[in-house]
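Please build the complex by placing chains Z and D on the supplied structure of chain X, with the hints as guidance.
Chains as they are written, first to last, in our numbering: chain X, 1 to 105; chain Z, 1 to 555; chain D, 1 to 194.
Please note: incorrect hints may appear among the correct ones.
[To be verified] 30 Å max Cα-Cα, derived DSS-like pairs, lysine-lysine: (1) Z/Lys156 <-> D/Lys166; (2) Z/Lys156 <-> Z/Lys286; (3) D/Lys92 <-> D/Lys194; (4) X/Lys60 <-> D/Lys92; (5) X/Lys34 <-> D/Lys92; (6) Z/Lys501 <-> Z/Lys286; (7) D/Lys92 <-> Z/Lys240; (8) Z/Lys500 <-> Z/Lys528; (9) Z/Lys286 <-> Z/Lys541; (10) Z/Lys528 <-> D/Lys166; (11) X/Lys34 <-> D/Lys109; (12) Z/Lys500 <-> Z/Lys286; (13) D/Lys166 <-> Z/Lys240; (14) X/Lys60 <-> D/Lys166; (15) X/Lys34 <-> Z/Lys553; (16) Z/Lys553 <-> Z/Lys541.
These aren't lab readings, by the way, just hints derived from the structure by calculation.
Residues per chain, in single letters:
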Amino acid sequence: MQAKAGASNHTMIYGLLVVLAICTVALPFLHLDKIAHNVALFSVATLMAALVGLQYMNLKMEGPLVLWLVGIPFVLFAVLVVILIPEFVWHHTILTPSAAPPTGH
Amino acid sequence: MSDHGHKESFISHYIFSTDHKMIGKQFLLLAIVMALFGGFMAYLIRWQVAFPNTPAPFFGLVSPDKFNAIITMHGTIMIFFVGMPLLSAFPSNFLVPLMVGARDMAFPRLNMASFWINFVGAAALIASLLVPAGPFAAGWTGYAPLSASPEYSGVKWGAVLWVVALSGAFISSTLGGLNYLVTAITMKAPGMTYFKLPMTAWMLLASALTFFLSVGPVMAGAFMLLMDNLFHTGFFLPAKGGEPLLWQHLFWFFGHPEVYVLFFPALGFCLDILATFSRKPVFGYKLIVASTASAIALSFIVWAHHMFVSGIDPRLATPFSITTILISIPFALIIFCMYATIRKGIVSLEVPMLWALGFLATFLIGGLTGIFLGAAAVDIYLHGTYFVVAHFHYTMFPSIFFGGFGAVYYWFPKMFGRMMNKKLGVLHFVLTFIFFNGTFWPLFFVGIGGMIRRIADPSAYPQFAQFAGTNALATVSAVCLIATQMIFLWNFALSLFKGKKAEMNPYNACSLEWQAPSPPPHGNWGEKLPTVVSGPYEFSKPGEANDWIPQAKKA
Amino acid sequence: MSHSEEVYYSGPVGLTPGRLGLWALIASEIVLFAGLLGSYLLLKTVRPDWVTQASHLNIWAGALNSLILLSSNFFMMKASTAAEESRNEDTKRFLALTILLGLAFLGVKAYEYSTEFSHGLFPSTSSFWSFYFLLTGVHGLHIVGGLVAISLLLFKALSNSLEPIKGRVFLTGLYWSFVELVWIFLFPLLYLMK
Chain X
1 MQAKAGASNH TMIYGLLVVL AICTVALPFL HLDKIAHNVA LFSVATLMAA
51 LVGLQYMNLK MEGPLVLWLV GIPFVLFAVL VVILIPEFVW HHTILTPSAA
101 PPTGH
Chain Z
1 MSDHGHKESF ISHYIFSTDH KMIGKQFLLL AIVMALFGGF MAYLIRWQVA
51 FPNTPAPFFG LVSPDKFNAI ITMHGTIMIF FVGMPLLSAF PSNFLVPLMV
101 GARDMAFPRL NMASFWINFV GAAALIASLL VPAGPFAAGW TGYAPLSASP
151 EYSGVKWGAV LWVVALSGAF ISSTLGGLNY LVTAITMKAP GMTYFKLPMT
201 AWMLLASALT FFLSVGPVMA GAFMLLMDNL FHTGFFLPAK GGEPLLWQHL
251 FWFFGHPEVY VLFFPALGFC LDILATFSRK PVFGYKLIVA STASAIALSF
301 IVWAHHMFVS GIDPRLATPF SITTILISIP FALIIFCMYA TIRKGIVSLE
351 VPMLWALGFL ATFLIGGLTG IFLGAAAVDI YLHGTYFVVA HFHYTMFPSI
401 FFGGFGAVYY WFPKMFGRMM NKKLGVLHFV LTFIFFNGTF WPLFFVGIGG
451 MIRRIADPSA YPQFAQFAGT NALATVSAVC LIATQMIFLW NFALSLFKGK
501 KAEMNPYNAC SLEWQAPSPP PHGNWGEKLP TVVSGPYEFS KPGEANDWIP
551 QAKKA
Chain D
1 MSHSEEVYYS GPVGLTPGRL GLWALIASEI VLFAGLLGSY LLLKTVRPDW
51 VTQASHLNIW AGALNSLILL SSNFFMMKAS TAAEESRNED TKRFLALTIL
101 LGLAFLGVKA YEYSTEFSHG LFPSTSSFWS FYFLLTGVHG LHIVGGLVAI
151 SLLLFKALSN SLEPIKGRVF LTGLYWSFVE LVWIFLFPLL YLMK
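This is chain X alone, in the form it adopts within the complex (with noise of 0.2 Å):
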């Protein structure tokens, strides 16, 4: 098939995720703020897992049964933890003894 540009396809990709995975561990010694900083990984690392899902698994040939497949848990997982932002991150129960002070609730 496409088997020999596949090839050379391989190879620009390994070079591109070598290149991002570099500038991933480079990104602390920019001494960005917290928030920079942590959106910064963030963005390289779905950048690399793009790079791998639509390149070396081949999700850019999948047709729509496949691409919804993978896409729900993606929903899923953030359905997770946006509804948790309430209990873990906004609310402390009265159990956790470490991080602020209890909101009297």
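Just chains Z and D now, with coordinates in the frame of chain X:
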């Protein structure tokens, strides 16, 4: 009988079989054996609640430690080792290839592995009854910190084996679910489309999909619980910086979709049975499919209704109440479609039909009482009372047993080539219906009256004395309910060997499985796959000579 | 066998049952890691002491492992292409390299764990360390499982019997890429996040 072209030994035919029909029967047998354990435990629970601190016949004194272990094991066994095998693994394995027109599952050896993994899980759970300090005793819901701390609960190896057992069940159901989905998507017979599949097939697939998309978080939680018990980690222990509620969220994110994983197949069986014995198509086929899809989506955002009094952020209470009440809508639509299916039909009260009708009657009560519990304000009072116990038994028992028995009686001829005894079947149904209601209906009132669940010794609380008579009646009914199931076991065993020989299509049903021999040979369809030309419910079509049209063209 | 015609295929064009099944498995695994990573993320936001504890992690070992796993994945892709083109010698070579690098990953991880243990850092030390050992442990189990599967393929290739099941190399590669994907998020989350 096999036409592999090579000789099959006893082992390869009955034990390590890759034939989906044999694997389905293995799951059925597992469910029946585990139900005996689960049922015996139900008897012990009811004995202790009604006649506290008196030795239970055939067991002895149910002390508080034993009581906690028994309620835990009863729940775990009934949901994961009776419910899942009986409603998901057994019917999906046996029926999905037959209903779509395939010769076997997409991955037969993986299928065999999934049974044996489940078996190992079941064995681990039974083994936990015998370990030092006894089995896991923190409830089938395993709430932390009690479940996470052996120093606190006194139980360590029981907890470890519980996690191992659940892991086996989860892996088995995930692998099985993949198999059913891939088979249904890629191995339909020529002419078969999604909208020509019977409701049972749709519901079994909906159940499989919901399961493997929801099981992840509880698996994560189970790893954490295992580590807390074995390695003194602090995922759920406040003193070590953990969060007890994290367990509850991870558990119920899965736990709520799981109850629909059990419910959908029962709906599917009953829809097919109602259609066959009313000689009418299922009413609202596409509406039911759409309702099922929306119920699945909603089921992922209702879970904290199990946690209204656990200490969640109060701002979460109203949103979860709203989603919980919303989810009653698609299910109500499906129930209405079931009634509409029967209406003006030519109803014959064969035994499977009795179970389907019984399911409709009892599940209705379970569903309606769920709405009370879904409203946070009411739940604050009712949570942890016998009202909840009655509610979930009015949903789970109809699903697992009314739905499950309906399926067994209905497809027994296809599975074994023999008919079950009708008189014993009617007796089994009537007595089960009476004693089920006799056991659980009073518990709604006991719960509203304020009696708390999971209490080992009600006699220690003067405010529960008023319920003693009701509890005693419920227990007598429960014992009769359990004893009644012996009629089923007797009928099942007798019919296996002495039942009247069944023809290919004893009920004149339309769906594809009824066009394979009873029982189907290895490969199901003989030389050529069937060609599907019509839908699964072509009953009483005007102008036709017969009141049913089989799905596939006659060869 | 009594059935003479080929198995009838009713799925979307170009999608094999094996590939569909593997994607469904990956979908389920995504939700598993969602539970693990989501829990870690949520708790991390209200535990400022976790960052201090994370500074005890060996970033260079983690970075090395990132490069090792990337390379292992790359060779798995090459093995997959070689298998598709029936180049058995290349397939053997690339599968062997994949496995070697996978073992190297486990080796570095083992080195990290033993250093941590020798510094008195165990899963029971604090909730951060509980999560660290759990997340890397579950990921490690997936590496082990993957290596077993890849080894079975190498065994087949060595005995020149890979041809009938060469499609499985791509499927195993798919799984291996997923394991890589998890690490792509796991490494920054644990080692580098502020």
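Hints versus structure:
no. : hint                  : result
1   : Z/Lys156 <-> D/Lys166 : 46 Å, violated
2   : Z/Lys156 <-> Z/Lys286 : 50 Å, violated
3   : D/Lys92 <-> D/Lys194  : 42 Å, violated
4   : X/Lys60 <-> D/Lys92   : 28 Å, holds
5   : X/Lys34 <-> D/Lys92   : 46 Å, violated
6   : Z/Lys501 <-> Z/Lys286 : 36 Å, violated
7   : D/Lys92 <-> Z/Lys240  : 49 Å, violated
8   : Z/Lys500 <-> Z/Lys528 : 29 Å, holds
9   : Z/Lys286 <-> Z/Lys541 : 19 Å, holds
10  : Z/Lys528 <-> D/Lys166 : 29 Å, holds
11  : X/Lys34 <-> D/Lys109  : 27 Å, holds
12  : Z/Lys500 <-> Z/Lys286 : 37 Å, violated
13  : D/Lys166 <-> Z/Lys240 : 50 Å, violated
14  : X/Lys60 <-> D/Lys166  : 22 Å, holds
15  : X/Lys34 <-> Z/Lys553  : 68 Å, violated
16  : Z/Lys553 <-> Z/Lys541 : 17 Å, holds
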